[in-house]
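A.B. asks: Given next are the chains, with one letter for each unit.
There are 2 protein chains.
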Amino acid sequence: MPTRAAQKQATRRAVIDAALRLSAERGFSSLSLRGVAKEAGIAPTSFYRHFASMDELGLALVDEVGVSLRQLVREARRRVDKSGKGSVIRASIQTFLSYVEKNENLFRLLLGEGSSSPAHVRRAIGKEIQRFTEDLAEDLIREAEATDRPIAHIHHAAEAMVTVAFNLGAKSIDLPPEERLAVIERIIIEVRMIMRGAQAEAAQRG
Amino acid sequence: MPTRAAQKQATRRAVIDAALRLSAERGFSSLSLRGVAKEAGIAPTSFYRHFASMDELGLALVDEVGVSLRQLVREARRRVDKSGKGSVIRASIQTFLSYVEKNENLFRLLLGEGSSSPAHVRRAIGKEIQRFTEDLAEDLIREAEATDRPIAHIHHAAEAMVTVAFNLGAKSIDLPPEERLAVIERIIIEVRMIMRGAQAEAAQRG
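Taken in order, these protein sequences are the chains called L and V.
136 is the number that the working numbering gives to position 107 of the first sequence; each next residue is one higher, with no gaps.
97 is the number that the working numbering gives to position 68 of the second sequence; each next residue is one higher, with no gaps.
Next comes chain L alone, as it looks inside the complex:
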């Protein structure tokens, strides 16, 4: 028999999964506490045992979406790690934007959709960019060592790459689908440019 804590954890999980499903369909801002509780198969009053408010649930979802998106991108990066630099960049960006495309409403959570103020939006974006940056910096360090092509200012390079990819990616969800492919190519060109600049600086330093 599961312990009470494990059961509570399982219900919390069910609420998050229900909210993710509904958010993916209709966007987080259209959800109601009652609707989420119903989808999760719990009484509306039980909701409060897990989250103080819909806002708090929203924060949990931002975290969930960020974690799974980062995991996906990292896996893509590792899969092609041996086939050269260019394709690592392309694989990361394609994976990122195909997630954005397929999970538009979930990605909007990372952009602070459903959040009350532009300052919150900025903070939500800032936090996600920082996490992506830390992941990417780690991968860049490993790649630089493996290929023996040093990169200067790795954390700055990673921050610039993620800032470009994230912001252009965010812009792409407001575009008609036929214009989105061009955005991928723009991001790839710009991220490669940053990579080259970081390598050129390292080469110059000797």
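Hints were generated in silico from the structure; no laboratory data involved.
Predicted model, so just to flag it, every value in this text is computed and none were measured.
One or more hints might be untrue.
Where chains are identical, the list cannot tell them apart; a pair therefore holds if satisfied intra-copy or between any two copies.
With a cut-off of at most 27 Å between alpha-carbon atoms, the simulated DSS-like pairs for lysine-lysine come out as follows [as the list claims (entries may be wrong)]:
#1 37 <-> 131
#2 67 <-> 37
#3 200 <-> 156
#4 131 <-> 156
#5 67 <-> 131
#6 156 <-> 67
#7 200 <-> 37
Chain L is already provided as a structure; the job is to place chain V on it using the hints.
C.D. replies: Frame of chain L; chain V shown alone:
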């Protein structure tokens, strides 16, 4: 005697100037139509001869702020145009961030503060970034010709630079003042990296 059209134009200007003064002090989102009319020295009902709503006034202000910020940055760039690349980048970014620092509430307008939805925020940011990008691309083209150091993908380079500066700059206004200086240095390193990458690509192409 001024024509009626000229007079209307002058009153519109007075309303915009009043709203800019009040926004700089307290932020656009705290303004009321009545307060703006009073500051401009017109009757509240006259407001509607110039703007259909506070939202429309807000759009006019976004434009004003964008234009003057771009002008400032361009002038800074031209002043140091002859003293070498590094300082052009530093001058642009320092001028940009010192404007942001001194006119925090006006800069917030560009970030969509007072706007109703995150999608509007993204669009406001996107539009401004595009205008800054066009300016910068022009300046980069001129510089590349003057210094005979060609730059590949000039529009992409400009877009990446402006995206980094604008988004890190936006993050800086949520930071305590003592941490803002470090942001300037980060932006400078990243923008230089993009510049170097764009030059390295041009050099490689031959």
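A.B. asks: Run the structure past the numbered hints and jot down the numbers of the failing ones, going up.
C.D. replies: Hints 1, 6, 7 are the ones this structure does not satisfy, whereas the remaining hints hold.
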